[in-house]
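Q: When you get a sec, could you build the whole thing from the sequences and use the hints?
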Amino acid sequence: MDTTRRDLLMQFGKLLVLTGVAARALEKQGEAPGPGDTYHMAEHWWGMIIEIDKCIGCGNCVRACAKENDVPDGYFRTWVERYQVTEDRDHPIVESPGGAIDGFPPTTRTGIKSFFVPKLCNHCADSPCTQVCPVGATFISPDGVVLVDQAYCLGCRYCIQACPYGCRYFHPEKGVADKCTLCYHRITKGLTTACCEACPTGARQLVDLKNPKDPVHEFLRDNKVQVLKPYMATGAKVFYKDLDVAVR
Amino acid sequence: MNGVEGFMYPNEVELQWSLLIVLYPYITGLVAGAFILASLERVFRVEAVRPTYRLALLTALAFLLVAPLPLQLHLGHPERSFEMYLTPHRSSAMAMFGFVYLWYLTVVLLVEIWLEYREDIVRLAQTRSGAARWIYKALTLGSENVSPASRRIDDRVGYVVTVIGIPSAFLLHGYVGFIFGSVKANPWWSTPLMPVVFLFSAMTSGIAAVLVLYVISMKLRKTSIDMRCLDTVAKYLFYTFLIDFSLEMLDLVQRTYEADESFRSLDFMVHTRLWTSQVLVQIFLGTLAPLGLLAMTQLWKFAEMVRRRLYVAASVLTLVGIFAMRWNVVIGGQLFSKSFLGYTTYKVQFAAREGLLPAVALMILPFVLFFALVKLLPPWEKQPTEA
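Chains A and B, in that order, are what the protein sequence lines are. Residue numbers are given in this note's numbering: position 93 of the first sequence equals residue 376, and the series is strictly consecutive. Residue numbers are given in this note's numbering: position 34 of the second sequence equals residue 14, and the series is strictly consecutive.
Please note that the accuracy of each hint is not assured.
[What the hints assert, rightly or not] Computed cross-link-like contacts, DSS-like style, restricted to lysine-lysine with a CA-CA straight-line distance of at most 25 Å:
#1 A/LYS524 - A/LYS512
#2 A/LYS457 - B/LYS327
#3 A/LYS512 - B/LYS164
Read the hints as simulated data drawn from the structure, not as lab findings. Every value quoted in this text rests on a predicted model; they were computed, and no experiment measured them.
A: Laid out in structure tokens, this is it:
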């Protein structure tokens, strides 16, 4: 069959359009929503979705976080807990050896419910930790991330006491409170967090609750989710899918 | 993991608030208690406690000057602590405490002591020589008028300051209780009773401290002890301690009856890790024993010597008991996991920055200051004329 110049141009045009669409789709899938050359804090409200049933307890997230954020040994901005629960939900067997930085040893227990729970700062909208800081060194950024100004923190550790989730620690070298920043240095550049990037199963996903195009809205509509210790009324923004009642 | 039983969140294993933070509410409590005892004489005209009035004021000042030191030593960046005054965070209980402290120190205590001692200071400025003369001259703040009319004004202003001082002393220590009681993440601390319990325990410990210091001072000076004064102070100690103990028991009964999700964990902690410090030292040795001794003195008439010994023994035990109470609140509140699934251990280091050695030094320091203050402003100067 003869190919006319007109046909060739048509084919080429179609290819160009398809490539463009595919590239755009890949871009949207691979990175956090809302990137751009200029970052406007007021346009974002960050949180995270964690799907318990997808977590395999590999510890990739813990390692990635420690490396990305230079977390001191023995302290954790994120960690993973393994719950093994019998019918007696008040006495679950919970472990997190080294915060699960090396994953978990295989369990020998059988006939019980076993699952992993990744934990990190809940970046609470009504955070008790920022409330108690005597100088306002820890604060909620306009895009909903709880941060610590390390050049300002007194190191009184009141915020560590006030966090119901055990997410803060006292940095042994810097003498200040330290915690998960939701990889603020990355998300403001349009990247996702180190832990989300390292997760092989997509159990953790950074979400922008202010972005109407973020899949989080559909996710929250379609799934039953829970936050940790909802009775604390902290406005936690880390939403767990399939969270068991035994989890503390 | 070392010292950990069950499951703790990984960042919880290390205790954040150490022995020094136990000292802080203990010392602040002594201040508030001593001041409230002093105000009994001034505002409520309890003449019997007059011999302890000045002593109580100086005790309060000596301890108040030391109160921020354990906090400073504890901070990761003490050089930034002044930011609490420059850029305070208004929603923070700790930031606001800085102002309560400053108010209490400058507006209440220093003014009241100055007004009370003004006549003595002027006299000393005129009679002493050398450096002492200049120190007293400076302390007169330029006013050497001690005419009866000006003393009447002093007395009236002093009265007003004490009236303001009572709620301020309540605020000072009630506020320390609020620092703990408002932490909703910690069920061991989070109770609206905490400020009230702290307040009454402060009054108890302050009264006990003044009683002991009064007896020791009189012994050292080889002066007879005013038994009417001692009996009255001991009576106040007994009543205040009874209220304090009732409040603590009310808290315990409420917690036990409600038995919320934290109860099993806290109950286990009291029966294991806190058994010695809470049940044996705080409740039996530090509360029931002194209350028993004080009750005896209220029920039966003992000879002076016996009464004196019973009062001192009860006061020393009270001071031990209230210290144990502070320990159990501060340290106890960090020994269990907020997951309610495990417990950690606290080991006091010796020569570390937050260890036993600086803690002991910080507890000796108020007594050194007290001694210096007594030398500078002798509290018994007026007694011969009043006796």
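Q: For every hint, state whether the structure bears it out.
A: Checked hints:
For the proposed pair A/LYS524 and A/LYS512, the alpha carbon gap of about 14 Å is at most 25 Å, so the pair holds. About 23 Å separates the Cα atoms of A/LYS457 and B/LYS327, which keeps this hinted pair within 25 Å; it holds. The suggested pairing of A/LYS512 with B/LYS164 holds, with an alpha-carbon distance near 12 Å, which does not exceed 25 Å.
Violated hints: none; the structure is consistent with every hint.
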